[in-house]
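Colleague: Line by line, the protein sequences are chains A and B.
Here my numbering is used: position 165 in the first sequence is 165, and no number is missing along the way.
Here my numbering is used: position 210 in the second sequence is 210, and no number is missing along the way.
Everything labelled a hint here was simulated from the structure, so no lab data went into it.
Glycine included, C-beta positions come from ideal geometry on N, C-alpha and C.
Hints are not guaranteed to be accurate.
Said to hold, decoys possible - Computed footprint of chain A on chain B; a stretch qualifies when at least three of its residues, placed anywhere within it, have a C-beta under 8 Å from a C-beta of chain A:
hint	region
1	134 to 146
2	216 to 227
3	230 to 236
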Amino acid sequence: MADSQDHEHNKMQLKGVMGWVEYRLPWVNLLNNAVGTNYPTPRNLNYWWNFGSLAGLALVIEILTGVVLNMHYVPTAEGAFASVERIMRDVNFGWLIRYVHANGASVFFAVIYLHMFRSFYYGSYKNPRELVWWLGLIIFFLMIITAFTGYVLPWGQMSFWAATVITNLASAVPVVGTDIVQWLWGDFSVGGSLLGRFNSLHYALPVAIVGVAVIHMWALHEHRSNNPLGIEVKGPQDTLPFHPYFTAKDLVGVGVFLLVLAGLVFYAPNILGEPDNYVPANPLQTPNHIVPEWYLLPFYAILRAVPDKLGGVIAMGGSIIILFAVPWLDTSKVRSAKFRPIYKQFFWLFVIDTLILGVVGANAPEGNWIIIGQLATFYYFFHFIVILPVLGWIESPKPLPDSISTSVLGDKKSPEPAE
Amino acid sequence: MKALAKILALAVVASLAASPAFAAGGHEPEKHDWSFNGILGSYDKPALRRGYQVYMEVCSFCHGVEFIAFRNLIDMGLTEDEAKAAAEAVQIEDGPDDQGLMFMRAGRLSDRIPPPFPNENAARAANGGALPPDLSLMTKARPFGPDYVYALLTGYEQAPDDVEIAPGMNYNPFYSGEQIAMFEPLFDGAVFFEDGTEATIEQMAEDITQFLMWTAEPKLDDRKRMGLGVMIFLVILTGMFIAVKRRVWADVH
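Okay, chain B solo, but in the shape it has when bound (with noise of 0.2 Å):
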């Protein structure tokens, strides 16, 4: 009996070992050191800041991020004179104005930022026929998330010989399939950073990751802030229920 409790448990231990995650194709990849890792993690303001510099000037000619409006880019670390300027760059349409007709004019903090593509025939029109996703919530959306994101930004290579190349397509073992039609995006200089810091591939890869981790979940900072507190009030309050308890069962125990 007990040998066989053995055999299955350790049946359990080999099959939790097979995560599902592997058989989508694509390499694990490395795991990343992320300013925002961990208890007391917090996002990295000035990388936030150069994070949005590489967005604006390399994804979001194909990247939409729908959920993220001009005012959201203060909390992020923009001052609001910077993101009232970012908003009023662009154009919104708007309307019906009083004849019945729609109009442009310049946006406003309350406007989200525009998508590239008014459809998405037009974004596949514009890109050989593939949609470039929209990356608001990609580093939640994906296994591994900020860590694949990393990954296969930096990760293009050229294909091994044995790997035929579909036309338009290029070669990244992290993608699921290991074929992309997104061209690398990246190279080095391709912004250029204020604060001096030198724009890298990999700078530049680890800066819009941790861009594109904020637009997904921008309330990171609150939330591990407010659970540090409220996980050391409930450890007190958990001990104080466990002195309760004993002093109500002394006498009967």
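Only chain A is shown next, with the shape it has when bound in the complex (with noise of 0.2 Å):
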């Protein structure tokens, strides 16, 4: 490919000690390669492409904090609980990494949710990015499992019938369901065996997503970012080199996130949770509305949708497994929902859909909401099923923009060049 060549031509030269080990792992060339003047990145990027940065960022904010939280938590059923609370008292700022960490993992989901609608606006799957959707994907699901297991730690009363109801959703498995429920809690009932591996997953799955993200980032680089108008960069006029305009915009994006963040740890550190996790775990009572957090709730509302248990099961998983398909479902060869008017509206349509979903998902399954649970549920899938696949056929784009310059930067005949 044109890449090597490029960095090839354009690999930065180095003296002294740094020339030395440069020669022996270029690191710098690396780095440059990757996120610095040596990464020409399309110039009509918007703000929206800040996401993955911040998800970044986000990432390594919950590993950090987390290390330190682990380093104070008793992973069993008796210290559990007073453990947090000695972290939230006795340990020197332990109340700031802990709220920190909790609301971190919100934020974070709040960031990799606008990353994907993101793709879904914009068509960032689209061939040739498949793979960099599909690592994107994997990453969530990791993010999921670690996001739950993380829940069950506190041991309070949210964490311990949450891991009941979500466990017990293996029993459905015909034959072997209740074998299985036992091998994942170790035991007949939930308890400190099942908070032990809970624990020690809750660590490890954050090394995988640190694994799977440099592959992201790796399938990303070879064909680089989509841009707004979804067309492919014709020359160098198109683009701007990462650094430093793009290091730039990211950090705006950076400030922000951490306003929000701040805002919520100093300010509304338990907005987000659920009273009940301050009430410690208890198998003999179970709280009026057992509900997860708030960024799982619309597939809690999936889950409870189907009023068969496997059924229910496979819904909830299909919700997620569907997305892998989603690049061939979309059979439009338009990337940009800017130019898909028809697409545009029904965009819009499944965000507000995911969003009852969501609201569904907080409430107790009675009444109205078993219905509207059930009609969101519907849409979901008839999005990606139906809809996806029809409109690239019957849909007729408005014409695509000739190249990323012209359209950004009007009629100049010769725009200069980006570096």
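Two chains, two frames, some hints: make the complex.
Modeller: What follows is the structure, encoded as structure tokens:
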């Protein structure tokens, strides 16, 4: 590919000790080619392209705070709840670290959802970026497992009962269901044995997330970022070097991200949590409502929309698995919704549908919520299975611009070269 | 299409309005203007002292505050001597000694405030089968937090005619299920405040709520103070990032 030639051509020359190291381990050039002056980036990326770097930042924050929390956390049914309170009271800045970790998880999911909706709107998952999308979905799946295991660790009422409800889903498997559940528990009931393994997984899975994230970026760097126009980069006039242009732009996102996170941590640290989780786990008393954290509510709503247990589990699993097929279900050759007037409307309907699913997930499955949940679940799948392929066939997209540079810079005949 | 979108948007708004908290039963408590509310809020130190007194003289006979040690009371606003005196007033089981025997000794600052009952069975036996919950985290462990605690303590009333009260239960519209085993704990003049504050039910309820908010969230003052500095720093930092971005992009727009 042209890539490797570009890299050779623009190789940074270093002198002295740096040069000695670079000759043997070219880390400066690696970074420069990845996020530096030698990574050409479409010049028209808007702020919706900030969420990749913000997800990386959120992951780093979660890992750093998590490592410290785990130094003080006691992963036993008897000790877990009190150890969290000890962190909140006696560990220096423990309250800060824990609130950053808990709210950081929420902000992480918010960032990931915006990142995914960005992909839906601008068709970022389309040829040739299908594997970038797949790797992102694997990260998303690992995040869900990590977040769920983390939710269990404080061993409050919600921790205990969420663990009970979710692990019991495995009992829907025919014949061997009960055996699987007991294998998950490592016991005949939810208890310390489950807590111990969840703690282990909660620590291990983020390492896997880091690994998959690296591969996600590796795949991304082959064909580079999509852009709001969804058309290919045609030459250097269409791009700007990542540094300083997009490092500067990403920093603006970092500032806003930190403001949101700090606002939650310092002024509403428990607003996204359930009060019940400040009650120690009690196997003899079921809470009125068992709910997951807000970011899993849509999936919880899909789970409960199907009256049959096994059917619910299949629907919930299917709601994530179907995302892997999206690059092929979406039959339109045009990537960006900017040029797809009908898809644009259905995109927003889909956004609203996921919000409705979230609200349904937060409410007890009674009365109208049941039917609303079922309709919204139906529409979730209908969007992917019917609307996406059919729109690709029947929709006539608006004419695409000739190139990014003519679209961004107007009629200028010879735009300045990027470098 | 747009009409459909509007209908769905309305459905979202309508469903957001129907918060899940109501389904649990019990009336929604009124919002109270607590000193610790808001961006610049902090604990009211005299109220904390009074609340601690109400806890010790009324609540502590049935409810523990298991996460609070006597040394924490110094952070709350007691002097070191007062906290030491409070610790020495209780007997704590310690041991084993050199002979392998457990023994009782006076409390120290490092001891937790001892719970009223040695275990759950003893607590239930003394309370007609009901278990008085630990109060350390109560203001964070219920929807509406401190507003709920205040409403519950001041909300006892005569049961409506159509409500049949189970034996040993009391009517309180704010409690989930509206029947609570705890009898009305506060009455006017139940304690005597040294600072001259009149010990009305409302006053004591306000003070004990303030105290229980502190037991649940002892770092609240630190948090809000640090938060103000962090937010100011981040606003300036973000402003600088925006300026840098504009400068960098000035030549390519």
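Colleague: Now look at each hint and say whether the structure bears it out.
Modeller: Results for each hint:
With a threshold of 8 Å between beta carbons, the proposed coverage of the region 134 to 146 of chain B by chain A holds, since 7 of its residues qualify and at least three are required. A count of 8 residues in the region 216 to 227 of chain B with a Cβ less than 8 Å from any Cβ of chain A is obtained; the coverage claim is therefore met, three being the minimum. Residues of the region 230 to 236 of chain B lying with their CB closer than 8 Å to a CB of chain A number 4, which satisfies the three-residue condition for coverage.
Comparing the model with each earlier hint shows no violations; every hint is respected.
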